[in-house]
Each structure stands twice: as structure tokens, then as C-alpha cells.
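Asker: Protein chains in written order, with the numbering used here: chain P, 1 to 372; chain L, 1 to 372.
Do not rely on the hints blindly, as some may be mistaken.
[Stated by the list, open to error] Here are the simulated lysine to any residue pairs, SDA-like style, with alpha carbons at most 25 Å apart:
(1) L/Lys32 - P/Val19
(2) L/Lys272 - P/Lys318
(3) P/Lys318 - L/Thr321
(4) P/Lys272 - L/Pro18
(5) L/Lys32 - P/Lys272
(6) P/Lys272 - L/Lys160
(7) P/Lys272 - L/Gln320
(8) L/Lys272 - P/Gly328
(9) P/Lys318 - L/Asn274
(10) P/Lys32 - L/Ile295
(11) P/Lys161 - L/Ala332
(12) L/Lys318 - P/Leu323
(13) P/Lys160 - L/Lys75
(14) L/Lys32 - P/Gly328
(15) L/Lys272 - P/Ile300
(16) L/Lys272 - P/Gln299
(17) L/Lys32 - P/Arg104
(18) P/Lys160 - L/Asn330
(19) L/Lys272 - P/Asn274
(20) L/Lys318 - P/Glu297
(21) L/Lys272 - P/Leu327
(22) L/Lys32 - P/Gln299
(23) L/Lys272 - P/Ala315
(24) P/Lys161 - L/Arg342
(25) L/Lys75 - L/Lys160
(26) L/Lys32 - P/Lys161
(27) L/Lys160 - P/Ala332
(28) L/Lys318 - P/Pro7
(29) P/Lys318 - L/Ser73
(30) P/Lys272 - L/Asn274
(31) L/Lys318 - P/Ala315
(32) L/Lys272 - P/Lys32
Treat the hints as calculated values from the structure; they're not laboratory data.
2 protein chains.
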Amino acid sequence: MLINSIPQRTIRESGTEPVRVVVLDQRNLPHKIEYVELQTFEDICNAINDMIVRGAPLIGVCAAYGLYLAAFSLKDLGLDSFQTKLKEFTDKLIATRPTAINLRNAISKAIEFIGHFNSTEEEVHASLKYARNLYENEIDCSRKIGEYGVKLIEDIYQNKKSTVNILTHCNAGWLATIDYGTATAPIYLAMERGIPLHVWVDETRPRNQGAKLTAWELMENGVPCTLIPDNAGGHLMQHGLVDLCLVGSDRTTRTGDVANKIGTYLKALAAKDNSVPFYVALPCSSFDWSLLDGINEIQIEQRNPEEVLYVDGLADGKIQTVLVPPLGCNAANYGFDVTPARLVTGLITEHGIFKPEEKELNKLREIINIKG
Amino acid sequence: MLINSIPQRTIRESGTEPVRVVVLDQRNLPHKIEYVELQTFEDICNAINDMIVRGAPLIGVCAAYGLYLAAFSLKDLGLDSFQTKLKEFTDKLIATRPTAINLRNAISKAIEFIGHFNSTEEEVHASLKYARNLYENEIDCSRKIGEYGVKLIEDIYQNKKSTVNILTHCNAGWLATIDYGTATAPIYLAMERGIPLHVWVDETRPRNQGAKLTAWELMENGVPCTLIPDNAGGHLMQHGLVDLCLVGSDRTTRTGDVANKIGTYLKALAAKDNSVPFYVALPCSSFDWSLLDGINEIQIEQRNPEEVLYVDGLADGKIQTVLVPPLGCNAANYGFDVTPARLVTGLITEHGIFKPEEKELNKLREIINIKG
């Protein structure tokens, strides 16, 4: 997608021996557009942990390159030591963001993919190949999610014959993926097809990913949008000002319970209460097929309370941080919540739109098993 | 209630001829504790409009003093001109905050109270008497709301035998009234009675009244509390971490629909979904008996979008303002939303706790008509 009218991606390769990656540093967006080269496995872990990169699909790809860099650093060991050591690195990677299932999926599939060669060299080579495949695959997923999702927007437009208002939470935008995004993919495709639309962007406290990332990427790509406090969506839905809710997911159970940025559940409740369709766009890599009950089984990260207490933004041309509540105030910072399947209208995946029901999702699982 | 361990009120009289008022300036709380003397009718209008004072009950009292100051400034006119001019001032006062029904109620009752004397001097005198009565009455209301509400907390404690967790939104604290508060009155009384409790404070974007005011006043008065993003309440309720929601109201219909700070509706939905009792504490002056359908009939103020775009707080010992989203970003800023009566467990008033149903509230109305 576009930054300053130039097509960009959130991550790209640079150099050789080892191949490094350059990522868009998402921490100071929208006020500073900077790229960082991640040269080592530790760089990758820090980038995920510090949220230089964020968004489940992007984290997955980044982690795959991290595994490659780890493998590369171990290439001179014997095969047994190589595999033991690589396992340790794997655990470190998974610990960086426990909620993002894509990361765990990406890593365990990578281990499967690379773990049966007869030399470390081949394994290193396979780990790079895996990362590259995943990279291309994520772009392909986003594009397909867009193609399935845009039909929903087209249908609303056909009925309404005026601007389609979409509400989104957090950033399930191209910045959370490699390109197109998940929740934003249908929006960008609708724009391309000339459907008049407007996006209500939840600012998404405490990290303000809506204000800082989603509003920015929509503006950079010419999509009309309005920033709102997270508190506003219910009121808008009560008054017919939202035609469709479209969010992403960090992890979805085989029954269709959706873990996503904290606050998603509240929007889903409001959507249900006002008969507004509530769709979740996600690549199949965001499913956790082992889970049945999202609310009780998904571990929710608690992040640093300082993210709640302090807000950063632009002042006098510099990024500054202000303390909002009284000094010494306690705060809690739950990263995600779980929207029960009963509140979700449908799951938009790269293989089509599915109802959030175990039986329906079993069909999706079969498709994945066949197509790989 | 206490500020720096000293009992204070949000508004007090100062001087004579005319009597002025000194108010706690709530704009720079909690980082600056300042008092402002309001000397003229215009000062009062500005104080309400600029949110130097806020909170429906406090606005009502402040407006009553405003009317007195207007009357005082007109005292040398003939009785007819006095009354015509006073009507103009009245309209100006009401226009400062259209959603706060207390303001309109206070003013129309004041006009009733003062409008049948034979001299401007008597009318001026009556307007001051009215303001003073309202002042004492609001304190009395808060205390009684506390007494009715504390029983709910006691009951929960009796069942649970451990810390009672209460979630509140915005500031329906003593800062929104003269003393005790509305939603906080039961909390302060529970503290006095030694009931172990803990308050989850919604930060309440965009103006952060929860972070800046509620957290501060609870901390100043020794109430254990934790600040949370507005997005978090649903997750907390799903996990049994909230025993009671307790909020205020800016205007409530005769059917029990509750207008309150934007985002209240979302918490009420989550409370319903998780069987958490959701109570609204309000003085009877916050009822608008003329209204039947809150969602369609209550005019919702749209405030300046800059309140969404910019956040202020403490940096380097000074209050500074930062821009969070990209420069040029659109924002919408709806001040309130309406929680339909079906989501409200009960309304805690100075005359007892009532179900949010027209039939029940008619009984309350009869009590008010008898007691005045």
C-alpha cells in the first residue's frame, strides 16, 4: 500500500549471508516514518516484543525470519546441537507475544518444514525458504480476504445506494500484515472498485493503534475516515451510522470465539444489539484449532501499565509523552479480549466467509488440510 | 471530601454585594489544584461552557448562582425590563450545556421561585436564596443516594465475603456535585463502614475524566482503585472481576433511559451479557419527565473534535498537549450516549432505588411532587 504515494511493504529483505530484514518501525507512526534493519535473532525478538512490528500476520512472518537468523547463527554446530539450540530459540520467539497464534503456528510449521534434513546448511536454507513462502502466502491471504470481504460491502451499497459506513477497531490494516491488511483488505478493494465508503476508526486505547496506524494508513491511501473514541461506537450504531463492523483477530478458536484487541467484545455487543453485521477478517493462520472455549482458554497478555498512564504524540515537532492520571495511579493493561462466536456474523478468510460454528469451521479446516 | 487531607467542596460563596462563587477549576486536575472566583454571569457561563465546572448537579448549582448574578446586575431596571432581560440570560445559561437536564431544571425552577415578587430587590434576594437552597439540597441528595446505594455494596459483600469490585465510568464523583458525588456516594459510605472495596476506573476518553478526576478523588480519599482503558470493562466482566457497575446520569427519561457520558451504553451491554448489576445513581433533578424515548429524544452534544485529537497531561512538570493521530485527521466527538432502560438494573435516587420503568418512576414522581 501507499506511504507518501509510494507503494511499500511492512517488511522486506536486505543483504545476504545472512539475509536481514528491514521493517517499518511502527512505534513512532504516524509522526515519524522510519525503517529499521533487523540483523540478528535478538533484533527480531526485540522488534516483536517492543512492537516495532505488530499485527498477528506480520509477527508470524517476522518470527519466521527470526528463526532463519537463529538457524544461520547456529550453522556451524553439529546437527544435534543445532536442533537443540534451535528449539531454545523457538521458545524465546513464542514467548515474545503469547496471544498471537500466528507466531506459534508459523514457528511450529517452520520447525516441521526445516527439521528433516541431513545438514545444518540444508536446514538453514529451508528456514529461509519457509520465511519467504510465508511472506508471499500472507500477501496472498490478505488479497483473497479482500476479495471475499468486498462482496459484503458491495451488497450493502447495492441496498443502501449511499456511502457505506464501516467501523473498525485497532489496526487490522496493511500495517498488521505485509500488504492489504485483513480487515482493511475489503476496504481497499472497495475503494478500487469505486464504492463510496467511510470508515469510523476506533482510536483503540491504550496504544492508540487506531489513531496512529489505521487512520494514517487509510489517509495515505485516500480512504475517507473519521477518528472516534472507543466509547462512541455504540452511540453510532444506535443511530444507524454504522453499516458494518470489520475487525481482525489475534487468535480464533475452532468454535469461532475471537480474541482481538481489548474492546472488540464491546463493539460486538453493540453490533448485536443494533443488528449491525459484525465480521472478523483473518488469515487461517490465526486459527487455534486446539481451542474450544475462547473466554476460558485463551491466555490474555497483560502489558505494561505505563501504556495506560502515559500518552505520546506530537508536540513542537517532537514526539513527547504526557502523564494523564495522577502520579502514583494504579493501572491495568489487558491486551486483548474474547468476543464469543454468538456475536460474530462471519469470519472472512482466504478460503471464503464462514459462520463462527464448529461444524462450519470444520469444513474450513478440511479445505486447509487439502490445500495446505 | 478531601483534597490533600483537607475537606473541600467544589463550589463555595465568597464576598457580598454581589455574592460571588469560588469554584475548583477542574480543567487542569489532577496536575494543578486551582480555584477560580466567578464574579459575573458571563464568568459562570464560561465556567460551564469551558468545563471549569462539570457534572450535571454541580452545573445546576453553578447556573443558579449565575442566574442570581444576572438578576443582581439587572437590579436597577424596572420590574418588566428586569424580567425580560432575565429571560434572555436564562436562555444563554441553558445553551451552555444542552444535555445536562439539571441545568434546565434548576433554571426553570429558579424562575418559578423568584418570578412573583413586587420588586427587583426581592427577586434578586429570592434568586440567591434559591441558589443556596439548591446547594444544600444537592449535598443532601448525594448523601441520601449514598445511603441507599451503600446497601447494594453491603449485600454483595455479605454474599461474597471478599473485596467488592465496582466499575465506574466518567466522573460521577464528588467533583461532579458539591460533595459525596452520585455514583461515588455509595462508595465513600462503604469505605466509611469498612467494607473492603476496589474501584475499576474507566479513563473515559476523550476528556479522560475518569483518569483525571475519578482516579484522583478516589486516591485523595483513600479508596483503592485501578485505572483501565474504556475498552477493558467487558473483559473484566467476562472474568468475574466486576461485582457492580455504578455510573451517573446527565439526563434520564421517565421510562428510565439514561443519558450519560459516551461509552456508558457499551458498559451496560457488557454488564447485561455477564449478569453484572448495572446501577445508575442520580438526583431526581436529573430526570427529564417530558421524555419517553431517550435514544430518539435526547439531543446529544457534539463537542470540539480537538478533544479527540489532542491529549493533555504532565510532562516536565508542566501541562502539555500532544497530537496523537496524523495531522489533518478528521474526528467526531459525541459527548453522551443513551443506555436503554432494559439494560439498567436500578436507579439510585435520594428517595430510594427504583426500577427503570415508567410505572415505577411515576411513583417516584409522586414522591417528588409531595416532598417538593
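Asker: Below or equal to 25 Å on CA atoms is what counts here, so check P/Lys318 against L/Thr321.
Answerer: holds (12 Å)
Asker: Regarding the pair L/Lys318 and P/Ala315, is the alpha-carbon distance no greater than 25 Å?
Answerer: Within the cut-off at roughly 13 Å; holds.
Asker: Hint check: L/Lys32 vs P/Lys272, CA-CA at most 25 Å. Holds or violated?
Answerer: violated (42 Å)
Asker: Given the hinted pair L/Lys318 and P/Leu323, is their alpha-carbon gap at most 25 Å?
Answerer: Since the Cα atoms of L/Lys318 and P/Leu323 sit roughly 10 Å apart, the hinted pair holds (cutoff 25 Å).
Asker: Would you mind confirming whether the straight-line C-alpha gap from L/Lys272 to P/Gly328 stays at or under 25 Å?
Answerer: Given that 25 Å is the threshold and the Cα spacing comes to 33 Å, the pair is violated.
Asker: Assess, step by step, whether the Cα of L/Lys160 is no farther than 25 Å from the Cα of P/Ala332, and give holds or violated.
Answerer: Roughly 23 Å between the alpha carbons, so the hint for L/Lys160 and P/Ala332 holds.
Asker: Between the alpha carbons of P/Lys160 and L/Asn330, is the straight-line distance 25 Å or under?
Answerer: Roughly 24 Å between the alpha carbons, so the hint for P/Lys160 and L/Asn330 holds.
Asker: Does L/Lys272 pair with P/Ile300 here, judged by a C-alpha cut-off of 25 Å?
Answerer: With a Cα-Cα distance of about 22 Å, the restraint between L/Lys272 and P/Ile300 holds, given a limit of 25 Å.
Asker: Hey, L/Lys32 versus P/Gly328, does the alpha-carbon distance stay inside 25 Å?
Answerer: With a Cα-Cα distance of about 15 Å, the restraint between L/Lys32 and P/Gly328 holds, given a limit of 25 Å.
Asker: Does P/Gln299 sit within 25 Å of L/Lys32, going by the straight-line distance between their CA atoms?
Answerer: violated (40 Å)
Asker: Can the restraint linking L/Lys272 and P/Ala315 be considered satisfied, given a maximum Cα separation of 25 Å?
Answerer: violated (41 Å)
Asker: Can you confirm whether the C-alpha distance between P/Lys318 and L/Asn274 stays at or below 25 Å?
Answerer: violated (44 Å)
Of the numbered hints listed earlier, those contradicted by the structure are 1, 2, 4, 5, 6, 7, 8, 9, 10, 13, 17, 20, 21, 22, 23, 24, 25, 26, 28, 29 and 32.
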